[in-house]
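**Q** Sequence:
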Amino acid sequence: KLGSCCFEMDIWEANSVSQAYTPHTCSEKGQYTCDDPVTCGDIEAGNRYNGVCDKDGCDLATYRLGNTTFFGEGSGFDVDSSQPMTVVTQFITDDGTDDGKLVEIRRLYKQNGVVIPSPAFDVDGKTYDSVTDDFCTDVKDYFGDDQGFSKHGGLEAMGDQMESGMVLVMSLWDDYSVNMLWLDSTYPPDADVST
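Counted from 1, the sequence shown has number 512 at position 175 by the working numbering; the numbering is strictly sequential.
A few of these clues could be false.
[Claimed, not checked] With beta-carbon atoms standing in for the labels, derived distance ranges:
| # | residue 1 | residue 2 | range |
| --- | --- | --- | --- |
| 1 | T464 | W349 | 34 to 40 Å |
| 2 | K438 | K463 | 39 to 45 Å |
| 3 | V506 | T430 | 22 to 28 Å |
| 4 | G367 | N387 | 18 to 24 Å |
| 5 | K463 | Q420 | 16 to 22 Å |
| 6 | A382 | D435 | 39 to 45 Å |
| 7 | K488 | D373 | 14 to 20 Å |
| 8 | Q427 | A382 | 36 to 42 Å |
| 9 | A382 | D436 | 37 to 43 Å |
| 10 | D347 | D436 | 32 to 38 Å |
| 11 | P454 | K366 | 29 to 35 Å |
Note that these hints are calculated values from the structure, not bench results. Please read all numbers here as calculations on a predicted model, not as lab measurements. Where is the CB? At the ideal position from N, CA and C, for every residue including glycine.
Start from the sequences, fold in the hints, and give me the full structure.
**A** The following block contains the structure:
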C-alpha cells in the first residue's frame with residue numbers, strides 16, 4: 338500500500354455539545370510518502386502506533402476531561418453552542434516571537450462581548466488549561482493512551498512544521514455516530530465505560 342502522511346492540526350472538532358483542538362505530530366517533516374504497512378501506520382494491519390505519524394494526537398477536549406457544563410446548547414453553559422461565537426486559537430512560543438519554539442496552544446472564546454478562557458483541568462494532581470508537552474504526556478498517561486505525540490517530537494516538531502507551511506482543509510462529518518463519538522461518548526462503542 339502507498340500512503341501519504343503529514344502533520345495535522347485540528348483547530349475545531351466539534352458538535353453542539355462538545356469540542357476539541359488537537360495537534361498531531363510526525364517523525365517525518367512535510368508530506369511523506371510511505372509504502373509499507375508499518376511506516377504508514379496501517380490500522381487494519383495492527384500498526385496504528387508504529388507509523389511515522391501520531392494517529393491520536395494530543396487533544397484538549399473539555400467534555401472528555403470531565404467538564405460537561407463548559408460547552409453546549411443553552412444558557413446553562415459557559416459557551417452556548419446555539420449562539421454565535423468567535424473561537425481563538427493561540428500558538429505561543431518560548432520567546433513570544435514568530436521564530437520561537439512552539440511551547441503552548443491555547444484556546445479562548447468570545448461570546449456576547451465576553452472573553453471566555455478554556456477551563457482548567459486536574460490531571461493526576463497537575464492543573465492544565467492548554468496544550469503543552471507536559472499536558473500531552475500526563476493526559477496520555479491518565480487515559481492510558483499511546484505516547485505517540487511526544488514520540489514524534491511534541492510541540493516543537495509541530496511548530497517547526499507550521500513554520501514550513503501547512504494546508505488548510507475544512508470538512509464536515511455527516512456521520513457523527515461513527516466518526517466523532519470520542520468527543521462526548523463511548524469510543525469505541527464496545528469500550529468498557531467503567532474505566
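**Q** Could you work out which earlier hints the structure fails to respect and list their numbers in ascending sequence?
**A** Per hint list: 1, 2, 5 and 10 violated.
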